[in-house]
Amino acid sequence: MNWTEIMNFSRGPLLQVSMMIFIVGMTYRLVRVILLGWERDRVKNKGSKLWGVILNYLKGLLVLPFIPWVRRTFRNNELTFIAGGLFHLSLFLILAFGTAHVLVWKSLCGFGWKSLPTPVLAFFSSVGIISMIVLLINRLTHPVLKLLTKLPVWINWLLVFLPMITGFIMARHLWFRYEVIFSLHLISVSLLLIWIPLSRVSHFLFYFFSKTIHGAQAGKRAVMP
Amino acid sequence: MKTQSAINTYLKETGGWVASQLEACTRCGICAEACHFYQALGNPEYAPIWKLEPLRRAYEQRFTVAGKLKLALGLEKKITDKDLEHWSKIVYEACTVCNKCAHVCPMGIQLGPLIHDVRAGMAAAGVVPGDLAEATEKQKTIGSPLGVTDEMWRERIDWITEEWEAEIPVDKAGAETLVAFSSIELMKFPDNLAAIAKILNKAGENWTVSSTGREVVNFGYFEADEELTKLFMYRVFKAAEELGVKKIIISECGHAYEAFRWTAPNIMKVPRGVEILHISEYIHELWKTGRIKIKEGAFDGQTITFHDSCKIQRRGGIIKQLRELLHVLAPKSFKEMIPNKEQSMCCGGGGGVISIKEADANRYAVFQMKLEQLRDIQAEAVCMVCSNCRLQFVDSLAHFNSTVKVHGLSELVSKALV
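First to last, the sequence lines map onto chains A and B. The first sequence lines up with residues 2 to 226 when you count with the numbering used here. The second sequence lines up with residues 234 to 651 when you count with the numbering used here.
For reference, chain B alone in the conformation it holds in the complex (with noise of 0.2 angstroms):
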């Protein structure tokens, strides 16, 4: 029963954009090599096109002739529910949907995106770790996954505007931009959501935050249900709707980016005319357009580096803007991790991983390929644009007792306003 609306959900999203991927496989394995869970804990079911085998199995037992004989001869079986569970727990556990693999494969398969597919068959089974499937539930009822409520929210932005002095317009009619925040930045990071709100206000930006589109986390889309996808991204195009804005800002969280930016426009109906952009390379425009300005030089004396984000820069492409904001705030102290850019290494907690308490071993465990290297350029200070990431990298850095300190972009560049 379970495994039965995982295949009819595999089936359905297996257009020819997914069959050719699938096809394309040669077996070759190369794709491990990129795959950093299985570079941390050397279980060779992480490779990720492993973690493909419940929607290749769906597939080509339904599709292709080999597929249909290998069933018949017995060199394959049908996909159970036991399979289902098993391979939940290398979907989700020990992979962050980082696309890396897809850069890594000679034949160029979208890994990430067809492994996003095989968890959606997942969802749909409700084969999904508990903790991930807790806090999607608070997301659906509560409004956050934090479960943090809008009398919290409410109070909690009061206390952000009291503490940090910094303006923060909410439900404001006739705003330009509405920037969408995470629970995660506003109760872990809250000297973030500040930083940007001073970003904005010393640019003059006419923009303000709704209480109904308040969470710009989906929670939907790391478990790859669609429905919920849709609904939580809903609820911030309707509060953009509402308000009539022109702009939508995503801030630091990655997934997000991902979904409002690359994802919206081919599942759903979506505002016209209204742009979507993340607030790093909003503020990098900011910058460059003259409306705010930074001191040069404010961070040079501690080596500090930069984590590129799966989904923000190997996946987003807001990579040189970046570049150039931290060659102004630290000419001299900014170094570059290897690898880099796109071929950077996830920091480990994305994908929903850090939400699973079950993961927390497979999340250290990548996380200490991160730690050396930010060993082998001796960086002090480690500086990144994504909250989730943010947020593995504190409690990771803790966890190893190591003494990087780690900064949101916003606040670094908000630091140095003049």
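Next up, chain A with everything else stripped away, as it sits in the complex (with noise of 0.2 angstroms):
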């Protein structure tokens, strides 16, 4: 098999049988979730539940992760929470505004939007990586981390820095040929995919669920979330 059959492979059956995997897995996860029940709140309300989530999340995206200094609590490791903001914002500009990326928007959504000018996202691209690796930094020290991370959060990492590190190889057009460089990224897109049900980097699914009960709580008891 020459690199031509394998770029094939990864972007045809490979990817589609990894993103089978992804939405079966995930859907099953969520349902499994949901259906384990719900009990009634039948507490009365103090303040608006709804105004605490909003509050949440609009504090959660906009101003704790980048501006930490807001709650003193942060003053011992504020760069874990920047680090892990900034990687987020990263990881969201690239993968809805990277060149590519949009392309593949387009042919997934039937419409498409401009990418971001590529300056911007060698900027970012390269903040999300250096991001990843000063996480990595601090999980090896961090003693509580130390104590948290068994294996499958190593795999976690890895499986989350490789697509990073391949598409910026790519996008910069770096050292290898183009099948050779978009082969691996996809691979390693394709890993991801089916590791995401099997792991927390699900959690983006269930931020929704955690960050929507913090709100509505702080919100019924009438305190800043």
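One or more hints might be untrue.
[Said to hold, decoys possible] Okay, derived cross-link-like pairs now, DSS-like style, lysine-lysine, Cα gap no bigger than 30 angstroms in a straight line: (1) K479/B with K47/A; (2) K47/A with K310/B; (3) K311/B with K45/A; (4) K471/B with K45/A; (5) K245/B with K45/A; (6) K47/A with K245/B; (7) K303/B with K47/A; (8) K311/B with K47/A; (9) K151/A with K405/B; (10) K147/A with K311/B; (11) K50/A with K310/B; (12) K45/A with K405/B; (13) K147/A with K521/B; (14) K553/B with K50/A; (15) K45/A with K553/B; (16) K435/B with K47/A; (17) K45/A with K574/B; (18) K463/B with K60/A.
[To be verified] If you want the footprint, here are the derived chain A segments under chain B, 3+ residues with CB under 8 angstroms: (19) 81-87; (20) 128-134.
Calculated directly from the structure, the hints in this document are not laboratory data. C-beta: ideal position from N, C-alpha, C; glycine also.
Could you fit the two chains together into a complex? Lean on the hints.
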């Protein structure tokens, strides 16, 4: 098998199968959690649950990851917090507005949008990669993280990092032949897609549960989330 | 055997609410930075998320593919009796269920309530620190965790009535308001109990205490034993129904307020149309509606600060009202500690921790951080609205030879009444 064949295989059957696994797996996990049942909250509210939820999302998306100093609690690990925030921001920008990704979205949705200028993309993909490395170093050295991090978490890091670094190399046309790096990128993306339903990388889905719960809890008690 | 009853409790408690939050965790460890026990003692096992390990393992191994895979591959083990004993010390002696971690978690996971669930498993398995279990047993059999009998209670109420010249109506038929005090106030802070009585009398409140529903503290709730939690609240609710009151006022106890106000309707039958209020919000209401008047600046002079209690402020939302009161009591001398309000740091004695002798070292270590916060603003006095916090402050300030004075907010208000 030569690289052209590998490329065709990885962007064809491999990607399709891993996307299927991803969708079926995540649906299963979502349904599984929802079916565990939800109890009605009979407690009388003091404040507005909805307002609490709205405030919580706004703060969580716009303020806390980028300005951790608003909470004194973060004075011991501002770097982790900012690295986490920048990583997610970069990931979103590259996935949604990367030149090649826009084409993928267009073929999937039938309509597209403009990609970001190349220098901006280069900047944010570098920021994303650097953040990942900062987070890795933190995970290797922080006593709590050493305790919490078992094998699956290391795999999470690796499988998220591989598509990022291969994508970066491909977009900058560095070192590798196009077929080679494109194949590697797609293989790593496929591996990640298969891994997500089995791991905590799936947190992007359950984020909406816990974030809503926290906002509602704060709102009903009339405290700032 | 022990372990199985803990696991059963965990599985019973794991609905979508618990599961979705356990699934949301990314193992980022940021919650550790919020935990005063971790901050003070540096033990990574005190990270709030690590306290959920027994619950997480029970859930994953029963309900998730990944959990079953990890078990099959030997990456993770089943929970053992030894694990329970290990985590019992962590969740009871190094956690006050203050829930500050939830405010720090980027995912918003409600770590406090989930740690409460972990405790529930420990309670079911009978793996609870001896001192805590003993106090709970006393509350079950005698009616008070401090062992105050009916007779002692009556004598004490009579004594307070005489000593402070504060009339305290007992079992008054036709009263509108039932005030439920805690044994701590009765035995250790009678001045605060008298202060509350004076404020209510001054406002012309038609109130009473009950000889059957006389204990507001809930050691079942500290242990997280749901049956006992219900029993202890039932005693107060039953008294309220018999007296036909319209309001139950929870006196200065944070966990009691949490249990009565935010938990009871979800776990038991509560009397219909009976409002549950914390004494501090009620005092504010009395002042706001002009039923009591407070002398402005009565406590100006020495720098005074306010300690936010986890269950009354961060979890109870009674925040702004009390600042309004404080700005009247000491407009010039009132100074906020940093951090404060929702972000304030727990005193270290809540959640039953102060009743466990073995946790004393933890409790003092945590209090040192509070002491620094007091020093930073050069506070000469501190007031609060939870007698459990107050006990921790009085005990720990003495332990560290500090001269900072401790007051109940009700006590200050009663002294400033005009």
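So, going through the hints one by one against the coordinates:
1. K479/B with K47/A: holds, 18 angstroms
2. K47/A with K310/B: violated, 43 angstroms
3. K311/B with K45/A: violated, 39 angstroms
4. K471/B with K45/A: Holds, because 20 angstroms separates the two Cα atoms, which is no more than 30 angstroms.
5. K245/B with K45/A: holds, 25 angstroms
6. K47/A with K245/B: It holds: about 29 angstroms lies between the C-alpha atoms, which stays within 30 angstroms.
7. K303/B with K47/A: violated, 43 angstroms
8. K311/B with K47/A: Not satisfied, since the Cα-Cα distance of roughly 41 angstroms exceeds 30 angstroms.
9. K151/A with K405/B: Judged against 30 angstroms, a Cα distance of about 61 angstroms means the pair is violated.
10. K147/A with K311/B: holds, 21 angstroms
11. K50/A with K310/B: violated, 39 angstroms
12. K45/A with K405/B: Holds: K45/A and K405/B sit about 28 angstroms apart, inside 30 angstroms.
13. K147/A with K521/B: Distance of about 52 angstroms is beyond 30 angstroms: violated.
14. K553/B with K50/A: Holds - the C-alpha atoms of K50/A and K553/B are around 18 angstroms apart, at most 30 angstroms.
15. K45/A with K553/B: At roughly 20 angstroms apart (the allowed maximum being 30 angstroms), K553/B and K45/A satisfy the hint.
16. K435/B with K47/A: holds, 27 angstroms
17. K45/A with K574/B: Answer holds: K45/A to K574/B is near 22 angstroms, not above 30 angstroms.
18. K463/B with K60/A: Violated, at about 37 angstroms.
19. 81-87: Coverage by chain B holds here, the residue count being 3 at a Cβ distance below 8 angstroms.
20. 128-134: violated (count 0)
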